[in-house]
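S.K.: Sequence:
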Amino acid sequence: MPRQAPAAGPSLGEWLRTPRPEAGPGIWRYGYRPRPPEDPDRLDDRQLLGGAALMVLCGLLLWSLCWNGYIDFWVKPLEWFTPDSWRQPGGDREAFVRAAKIYEYLFTLVFFSAVIWMARGREIWRRYVRPRLRGPGGQERTGGGAGRPADPAAAPPGGPADPALWPQLRAVGEHAAADRLTAEIHGGRMNDVDYVRIDRAWQAVRARYEQLPAFAEAVLGRGAAAFAHPSGDRDLPVRAARHDLLTGQVRLGAAPEEERNPYAYRGVRLALEPALLSTSMLVVGPSAAGKTSRVVRPVVESLALQALAGRAAVVAVGTAGAGLGPDEAYDVVIRLGDPGSAHDLDLYGGTDDPDEAAAVLAEALVGDAPGGPAGPGGAGGFGGEADTRRAATALAQLIGPHRTAHGRFPSVPELRELLDGVPVALAALRQACEAAGDGAALRELDARERQSGRPGDPGPLLADRIALLDRPAFAGFFATGGTTRPFAMSDLAHPLRVRIDLPERGHAEASRLLARLLLAQFTACARDRDERSLFACLVLDDAAHTLTPASVRAVQRLRTANAGVVLALRSLDEVPEPLRAAAVGAVGCRVVLSGVSTWDGEVFAQAWGREWVKTEDVTHNPDFSGGTLRRALRGIRTLFTGVRATTRSVTVRTVQRERWSASDLAHKVPPGHAVVSLTTVRGEASPPVLARLGE
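Just so we're on the same page, our numbering is the position in the sequence shown counted from 1, plus 326.
Treat the hints as calculated values from the structure; they're not laboratory data. It is possible that some hints are incorrect.
Listed next, the in silico SDA-like pairs over lysine to any residue satisfying Cα-Cα at most 25 Å (straight line) [claimed, not checked]: (1) K994 to R896; (2) K940 to D371; (3) K994 to E585; (4) K940 to A590; (5) K940 to P1013; (6) K402 to V423.
Taking CB as the label site, the calculated pair distances span [stated by the list, open to error]: (7) G676 to P363: 49 to 55 Å; (8) R548 to P996: 48 to 54 Å; (9) P665 to A753: 31 to 37 Å; (10) H820 to D371: 51 to 57 Å; (11) N947 to D398: 49 to 55 Å; (12) G802 to Q494: 48 to 54 Å.
Note that the Cβ used here is the ideal one computed from N, Cα and C, for glycine as well.
Working from the sequences, and respecting the hints, build out all of it.
M.R.: Shown next as structure tokens:
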């Protein structure tokens, strides 16, 4: 049992009053204090401490000589400023003794102050003592809470700028609503999610002031529970990371004080936020390196909290038991292949357009198919963007008439039969289209029948791929004619929290197909959203074999749609070789964990580029200087030691060097660390920073 209770965190009022100054991309802004400008004349540790020790020893020696009477000039000022009568026989001896004592104290203070100043005591305090009193982001270690900053720039409690008093509401005359919310804060009935959610509702009211009475009525009636999430949840069951919802940041790790790190990022904490995730993120690291627990899980948790605050929508995709959070932290949990799953997935993404549905489905089915010479039957050699378009055309020629005839898209078994060209299924579809009187649908069927059986026809390959989903484990999924509407990516116009568990065990290829399908659906729906105030994010805990040329281009276009994806890979080998450099370049945030191979490191080293650095070249040449005696002594030394005397010359040059080389990424990143580079949607980028994850 612990000896004492854990330190409590700051209260909501203190959390609100903590300053959050502007900082560089990825810097944790809660209580952040910028570092002073870098000193170009900065001494290294050995030079600073060695010089200070030498200065202190010299000062003590000089003080000893003065105190023991070997040096007497230091007492001259006392004789200048005291009356001569005090030192003569019969004078005021006590006054002289008191004056001498005071003078000794003043001289000692001035003397050792000068010694400390010459020993650079201020620099030693700033470099070694003060960091021990602060946390890694400039946060003082005080007794009022774990990591709570003590910054005089914080808003004073009870002042007109105190955010806990809701001054924005008082400015428009809604004092009753402000008093109610202030009482909720002081009473401990409001948390950070409540504050951010109500503040977001207030921001919407500012744009339409006619809604102000309804806003005030909701606040007065429900207090901190006003404008709650449709699920009724006001917080997550558990938090595994440190969050700051005012800035939307989640803490990722801490950058150590190392020479490899840029000066502005040394000793600070790193964080992620929607402004960074909008550029998408790629996480690469081997198994057990911490991709899920230290990177993916905090991101998903942060987006789930922001969804409760009405600011984001998140879809987390992983295998069963991947550790993406408990079921209670989500609104929709889809367990594909599990008969006990309460929710289903829309195979067509919720669209009503057959061409759009066919394009997305074709990207999932054949987007990763390798190219090659066509084999017998026309199914071989399928691959490439042109063939993907042909596959989309073939799918549209079937699902379009089926929707016309039946008012819905075909289910998985129906689509497989149509792609296989089963005569009974095609005849039934033709008969239904004739009954509907749609000539365009009949022409589409005629075109499909003419193309079937020809060399290069995509139908057989599409049928083989869709057969991966036509298994007994998926019998109850992807239904298109049920009474309940399954989840579709088009639902991300609402602040939803969705988790999709893929059946990796026993259905690995089907899981990869579904991951490609979800990525294609997300990129298509995120770009076409009418309401883009919500940040939408798709998180793939295992993105192996999901990237295609079309999806890489689609990821780049998400920046303008207030959306992003998080892709986690064990290695870049899980991405087709022609796409590796493009995939790394398509994302703005890159996280490389310890244990990657040099082949993966080479791609990231090229992406991060080079920088100008100063290097020293040391040259050793044989020493032939001096006279006969010196040369003889050097010869005797060489005879006994076997080391020839040399002269040393140093050449300083400015050259370009890789920020992080492939060898450094593979061998110089300690366990539990990662090299992180971040980019905002405005183009502000951070250099690659070595960080300890989870701090």
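S.K.: If a hint holds in the structure, say so; if it does not, say that too.
M.R.: Quick rundown of the hints versus the structure:
With a CA separation close to 18 Å, the supplied pair K994 and R896 stays within the 25 Å bound. Restraint check for K940 and D371: the C-alpha separation of about 19 Å stays at or below 25 Å, so the hint holds. Between K994 and E585, the direct Cα distance comes to roughly 13 Å. Compliance with the 25 Å bound is thereby established for this hinted pair. For the proposed pair K940 and A590, the alpha carbon gap of about 19 Å is at most 25 Å, so the pair holds.
Restraint check for K940 and P1013: the C-alpha separation of about 18 Å stays at or below 25 Å, so the hint holds. A threshold of 25 Å between alpha carbons decides the hint, and for K402 with V423 the separation of about 15 Å falls inside it, so the pair holds. Checked against the given bound of 49 to 55 Å, the beta carbons of G676 and P363, roughly 53 Å apart, stay inside it. Under the hint 48 to 54 Å, the C-beta atoms of R548 and P996, about 50 Å apart, fit the expected range.
At roughly 33 Å, the beta carbons of P665 and A753 sit within the given window of 31 to 37 Å. At roughly 55 Å, the beta carbons of H820 and D371 sit within the given window of 51 to 57 Å. A beta carbon spacing of about 54 Å between N947 and D398 agrees with the range 49 to 55 Å that was offered as a hint. At about 50 Å, the CB distance of G802 to Q494 agrees with the hint of 48 to 54 Å.
Hint check: no violations occur; every hint is consistent with the structure.
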